[in-house]
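Peer 1: Read off the chains here:
There are 4 protein chains.
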Amino acid sequence: MILVLRKDARMEDLERLRGRLLWMGMQVTPHIQQDGRLSLAVVGGAGGEVLLEEFETLPMVETVMPFTRPFKLAGREFVKERLVVEVEGVRIGGDTLAVVAGPCALESEEQIHASAEAVAKAGANIFRGGAYKPRTSPYSFQGLGKEGLRYMKAAARASGLATCSEIMDVEHIEVMCEYVDILQVGARNMQNFSLLKKLGEAPLPILLKRGLSATYQELLMAAEYILNGGNHRVILCERGIRTFETYSRNTLDIAAVPVLKELSHLPVVVDPSHGTGIRRMVAPMARAAVAAGADGIMVEVHPDPDRSYSDAEQTLSPGMFAELMETVRVIGPAVGMEIPTGRES
Amino acid sequence: MILVLRKDARMEDLERLRGRLLWMGMQVTPHIQQDGRLSLAVVGGAGGEVLLEEFETLPMVETVMPFTRPFKLAGREFVKERLVVEVEGVRIGGDTLAVVAGPCALESEEQIHASAEAVAKAGANIFRGGAYKPRTSPYSFQGLGKEGLRYMKAAARASGLATCSEIMDVEHIEVMCEYVDILQVGARNMQNFSLLKKLGEAPLPILLKRGLSATYQELLMAAEYILNGGNHRVILCERGIRTFETYSRNTLDIAAVPVLKELSHLPVVVDPSHGTGIRRMVAPMARAAVAAGADGIMVEVHPDPDRSYSDAEQTLSPGMFAELMETVRVIGPAVGMEIPTGRES
Amino acid sequence: MILVLRKDARMEDLERLRGRLLWMGMQVTPHIQQDGRLSLAVVGGAGGEVLLEEFETLPMVETVMPFTRPFKLAGREFVKERLVVEVEGVRIGGDTLAVVAGPCALESEEQIHASAEAVAKAGANIFRGGAYKPRTSPYSFQGLGKEGLRYMKAAARASGLATCSEIMDVEHIEVMCEYVDILQVGARNMQNFSLLKKLGEAPLPILLKRGLSATYQELLMAAEYILNGGNHRVILCERGIRTFETYSRNTLDIAAVPVLKELSHLPVVVDPSHGTGIRRMVAPMARAAVAAGADGIMVEVHPDPDRSYSDAEQTLSPGMFAELMETVRVIGPAVGMEIPTGRES
Amino acid sequence: MILVLRKDARMEDLERLRGRLLWMGMQVTPHIQQDGRLSLAVVGGAGGEVLLEEFETLPMVETVMPFTRPFKLAGREFVKERLVVEVEGVRIGGDTLAVVAGPCALESEEQIHASAEAVAKAGANIFRGGAYKPRTSPYSFQGLGKEGLRYMKAAARASGLATCSEIMDVEHIEVMCEYVDILQVGARNMQNFSLLKKLGEAPLPILLKRGLSATYQELLMAAEYILNGGNHRVILCERGIRTFETYSRNTLDIAAVPVLKELSHLPVVVDPSHGTGIRRMVAPMARAAVAAGADGIMVEVHPDPDRSYSDAEQTLSPGMFAELMETVRVIGPAVGMEIPTGRES
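Chains as they are written, first to last, in this note's numbering: chain L, 2 to 346; chain B, 2 to 346; chain D, 2 to 346; chain G, 2 to 346.
Because the hints were derived from the structure by calculation, they are not lab data. A hint or two may mislead.
Since the list can't tell identical chains apart, any single copy or any two copies may satisfy a pair.
Think about it this way: if two alpha-carbon atoms lie no more than 25 Å apart in a straight line, the pair counts; the simulated SDA-like pairs of lysine to any residue are [to be verified]:
id : residue 1 : residue 2
1  : K198      : F142
2  : K199      : V176
3  : K122      : I33
4  : K199      : E175
5  : K198      : D312
6  : K81       : I279
7  : K199      : D170
8  : K122      : R77
9  : K199      : V5
Every value quoted in this text rests on a predicted model; they were computed, and no experiment measured them.
Put together the whole structure using the sequences plus the hints.
Peer 2: What follows is the structure in structure tokens.
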């Protein structure tokens with residue numbers, strides 16, 4: 002349930018209320034509403050039924066509302082205004098497009114620096130790259146690990162970029178927090194509930210990718226695990242779902258953008274690289290994502306795409322990426338979005 | 002195979018060649034290439050193997066090329082330049098967006114006229130409306146039939162619009178040709194091969210909707226049935242596919258636009274109304290379609306959407322449609338597309 | 002709604018009631034219940050709301066019940082006992098397994114006779130074969146037509162078999178009725194509503210195949226079109242649905258058997274040949290279908306499978322089919338099903 | 002590649018060969034073939050190309066064969082005979098059906114003992130129950146944890162059963178190994194590669210459930226992670242895939258049984274409870290699985306199904322389970338399978 006407190010509620014009342022709720026085994030998440038009122042999301046432990054009436058009579062409580070959706074914290078009932086996640090000066094979820102770009106895998110110091118420079122120049126504001134790779138085959142390149150992360154941070158900072166990289170293992174949380182600004186959860190781990198619970202306690206925002214066959218509701222319930230753990234900075238990412246069509250790697254569900262933005266206050270980013278798996282389809286689908294109202298795009302760019310260790314066939318060259326950004330700049334105003342300009346590093 | 006004739010081939014040579022091919026049981030489709038050369042698509046009857054070598058030595062033949070794709074006439078091997086379908090002054094497939102709009106079902110003379118006026122004013126150039134409705138239930142409204150078509154044509158012409166309506170039954174071909182400019186084949190009939198064969202002989206362009214679980218290749222093979230019958234004016238339409246997601250009626254596969262435009266020379270139109278089934282999703286998805294490079298959009302608009310006999314929940318009001326068109330006008334230049342302006346009737 | 006008449010209702014009362022209902026624009030389907038009472042399914046025309054109360058007070062009416070499911074005649078509310086379709090001495094839907102077998106396409110007189118003999122010997126009771134073929138490509142073999150049907154009937158009768166063949170075009174209804182005992186509607190035509198309406202008036206039972214992406218409810222609504230037309234002998238057929246898995250041609254949904262038998266009184270047959278598209282998978286999946294309670298199986302068998310004009314890779318040899326039937330005979334008793342024994346012709 | 006050694010190869014040759022391969026950065030898995038020859042699966046590190054010719058000339062090597070499938074150890078190229086996993090006297094993969102049964106969640110000591118007794122009596126040989134539950138919602142019951150495992154082991158042993166329970170978190174490996182005989186990996190963790198790698202070093206057999214949208218190949222590649230880690234006892238489990246059909250929770254892909262048994266030597270078990278999500282469908286689908294050749298079935302049984310903490314709607318009562326086992330006993334001989342008889346504890 003949601004408790005909206007009276008404007009004249011005093012801090013000590015609040016503390017007493019909170020104490021009582023915790024004592025009852027509930028979890029309490031506070032939020033300051035746009036009208037300045039304080040509201041509390043109160044979620045019971047498993048099986049715990051909450052009697053709304055009990056709380057309505059409390060002196061400091063103005064209104065009590067039940068949650069009507071299973072995604073309580075990820076839905077729009079509790080937090081109504083859109084979430085803006087801010088890292089290293091980049092705001093995701095506001096009126097500037099988040100442009101996350103970089104190679105699929107971090108491969109070498111040189112490749113990492115060249116990539117960061119190139120994407121920054123074309124207008125990216127967040128640098129992406131995988132240090133630990135979730136590969137379908139145990140015999141494929143598994144990533145550079147910590148070394149890659151170190152190069153990544155250095156290259157990103159040199160180009161004025163924030164960083165984003167995938168976390169696959171709870172054991173890596175500590176090292177990743179040292180080098181990375183946004184932790185990405187991959188599609189295959191979207192319902193790895195052990196990992197989600199741990200990330201609920203992580204100090205970094207989480208970019209949560211939709212699973213290959215996850216419904217919108219399941220994606221929001223996965224976000225709920227993180228939010229419920231206390232980490233309120235979650236970014237949703239549509240990256241293609243699995244359908245009967247085999248021409249492309251996945252079917253990029255652009256409709257996820259308006260749907261998720263209606264169901265949730267969390268920012269929504271689209272990954273047209275994994276969403277199509279085909280280089281020539283990345284630009285039109287990135288444009289489509291922006292036109293549909295996405296808060297950001299996530300694009301694989303490599304200085305020499307055909308030599309990428311992984312995902313070569315869906316990776317853009319710096320030139321293709323710069324061209325894409327030019328057309329995105331035309332579309333921005335149609336959806337009230339500012340598109341970042343490039344910067345030389 | 003494709004035979005490209007020498008520039009100095011004479012008409013009588015051509016006739017002789019064509020006669021010989023027909024005598025061999027083959028079907029011959031001529032096409033004048035952009036360089037002025039005449040080329041012939043030659044497709045054998047079922048089971049007929051063609052020996053390329055036989056034809057290479059003919060005096061008027063310059064080159065012989067085998068088809069490498071199963072969709073011979075619908076693919077880009079034979080016709081390389083994009084097809085522009087022209088009806089009643091509207092060009093579909095060129096550099097102006099085709100905007101097909103109107104109610105799901107033709108309901109009454111008044112509703113039809115009000116719809117046509119409203120969509121013309123906002124910028125539509127083709128009026129759509131169903132006279133024969135493919136309903137999942139035999140107990141649902143099955144359409145006004147011929148009467149509806151008559152009203153439709155009158156209303157469209159009064160507003161300067163071409164018309165498009167669905168054909169469900171070969172018996173209706175004649176009456177529809179009297180009133181309609183573009184015949185639509187619905188998703189559920191995409192592989193009704195008997196209907197497709199008949200439409201191969203129809204004098205009107207065909208707007209062919211992708212089946213709910215049809216691959217790109219199957220859509221192109223369905224187009225092939227029509228093209229092979231001699232009707233070369235086929236427009237492809239993406240209208241959403243069936244996936245595991247149940248929040249929306251279908252999953253609109255925006256990637257179909259760049260993929261089909263790469264595989265085929267036929268124009269590609271997107272229907273965000275059926276593609277989502279949700280009114281609030283229609284505008285963002287229409288924008289996405291245009292940004293991805295669609296040649297047209299197809300939108301359900303009704304003067305009083307909530308009173309629509311069918312598809313009410315996905316139908317726009319005239320006001321919503323006009324707003325959508327405004328934003329589409331901003332996106333047009335990003336993809337080199339002119340967006341038609343509205344006209345008072 | 003369903004009207005159950007009083008036991009003492011007189012024929013003239015019934016006629017008067019029926020007349021009144023028809024006059025009100027309703028369709029009336031009578032059914033004699035197991036307890037001897039006459040019940041009437043009354044379905045309104047499109048949009049027609051029926052007021053139950055009006056009918057409750059009629060003297061000959063005992064009870065009035067609304068339909069709660071959209072598939073009124075195909076559901077179990079009106080007809081509660083399982084339907085048994087009888088053709089040429091074969092009963093489909095009772096306690097003997099219907100075994101429909103034969104080649105994908107009718108190819109030649111010799112092939113047809115050899116197939117019929119072989120399948121009869123192994124225990125089939127219905128002979129199948131396509132005379133008009135729905136081919137994805139217009140360049141593939143399109144079938145022998147009427148000639149094939151003539152051979153088929155002769156061969157089937159010589160071996161004591163009933164016949165089943167696909168109808169693709171309303172124009173073929175007459176000729177097919179001359180030679181065929183069961184008309185099959187293919188998966189791609191499951192929602193060809195024009196065809197379904199015509200088959201509602203056909204004098205033969207219809208074997209209706211589930212569409213590639215049709216839900217159970219859509220399959221039953223397609224059956225409803227036929228039942229509502231007055232043809233009450235419909236057999237449902239599960240033949241595989243389209244999923245993300247590409248190893249096999251389709252995913253055979255064996256669960257359709259218990260689900261459809263719960264939702265409907267119509268018999269349910271399973272086609273493991275199209276359902277898998279892989280020869281080695283046909284026998285295990287046919288066994289699975291019988292074990293799940295199917296009323297019949299439909300198997301492609303060819304005297305020389307590798308030379309089949311179509312579907313070679315999923316077609317059994319007579320020997321493989323005979324072996325399959327042996328194992329099915331063991332399973333029969335687990336589900337209370339008799340398995341037909343073979344006969345020499 | 003696979004190296005088959007000469008019959009007269011000496012132990013010291015083998016050691017030298019193995020040393021050399023390890024020195025080259027390869028992983029070596031030995032296997033004694035049915036003909037008594039020793040063969041070695043040699044898989045390179047990521048990116049490592051192996052030159053077959055180099056090895057052909059070695060004195061102790063008889064033949065060198067490349068792997069042609071990406072699932073090297075999970076496929077049938079290396080190990081040709083079917084794997085039999087043996088735990089606590091139960092053989093999975095041989096000619097006796099593995100019958101894994103028990104409640105979805107371990108709820109209380111009483112419920113656990115009642116369940117184990119009931120399933121043992123009806124013929125189960127392995128007891129299942131979840132101590133750590135992967136719940137879509139963080140607000141649902143998350144399991145009894147270690148306490149549940151302790152009760153589970155005691156109850157199973159009292160009834161002569163082996164045990165199987167899901168592992169969600171690498172941190173639980175140790176405690177689970179103390180109480181459980183088979184570790185289950187749930188569908189949502191099928192591509193949790195960090196977990197799979199750890200389980201490659203676990204001392205227990207792994208029952209690996211197919212992901213909701215995992216292809217056969219992806220399932221085998223997930224198994225490959227475990228096998229490649231050195232744990233060769235993997236049991237595959239089909240538990241339903243996600244399709245467009247929403248009537249049932251999942252679409253149970255029975256064809257996975259013959260397909261996986263053809264592609265791999267690993268045993269294949271089917272879970273009709275999760276595969277359908279509907280109590281009345283469990284028995285027919287369990288019968289179908291056995292008829293299709295499954296090595297085992299996994300069924301949710303609860304002493305009082307309607308009071309189950311989770312999955313109530315798909316859980317059988319002891320009586321329903323006993324009836325199911327009776328019919329399975331009839332089917333067994335059709336596929337050469339012995340069905341275990343029940344025992345009083």
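Peer 1: Against each hint, give a clear statement of whether it holds in the structure.
Peer 2: Status of each hint after checking the structure:
Taking identical chains as interchangeable, the C-alpha atoms of K198 and F142 lie at most 25 Å apart only when they sit on different chains, with a minimum of 15 Å there against 28 Å within one chain. Taking the closest pair of Cα atoms, K199 and V176 come within 25 Å of each other both inside a single copy (14 Å) and across two copies (20 Å). For the identical chains of this complex, K122 and I33 are neighbours neither inside a copy (38 Å) nor across copies (45 Å), given an alpha-carbon limit of 25 Å. For a Cα distance limit of 25 Å, the shortest separation of K199 from E175 qualifies both inside one copy, at 11 Å, and across copies, at 19 Å.
In this assembly of identical chains, the alpha carbons of K198 and D312 lie at most 25 Å apart only when taken from different copies (23 Å versus 30 Å within one copy). For a Cα distance limit of 25 Å, the shortest separation of K81 from I279 across copies, 22 Å, qualifies, whereas the shortest one inside one copy, 37 Å, does not. For the homomeric pair K199 and D170, the shortest alpha-carbon distances inside one copy (10 Å) and between copies (11 Å) are both at most 25 Å. Taking the shortest alpha-carbon separations for K122 and R77, neither the intra-copy value of 36 Å nor the inter-copy value of 37 Å comes in at or below 25 Å.
Taking the closest pair of Cα atoms, K199 and V5 never come within 25 Å of each other, the shortest separation being 29 Å inside a single copy and 46 Å across copies.
The structure shown violates the earlier hints numbered 3, 8 and 9.
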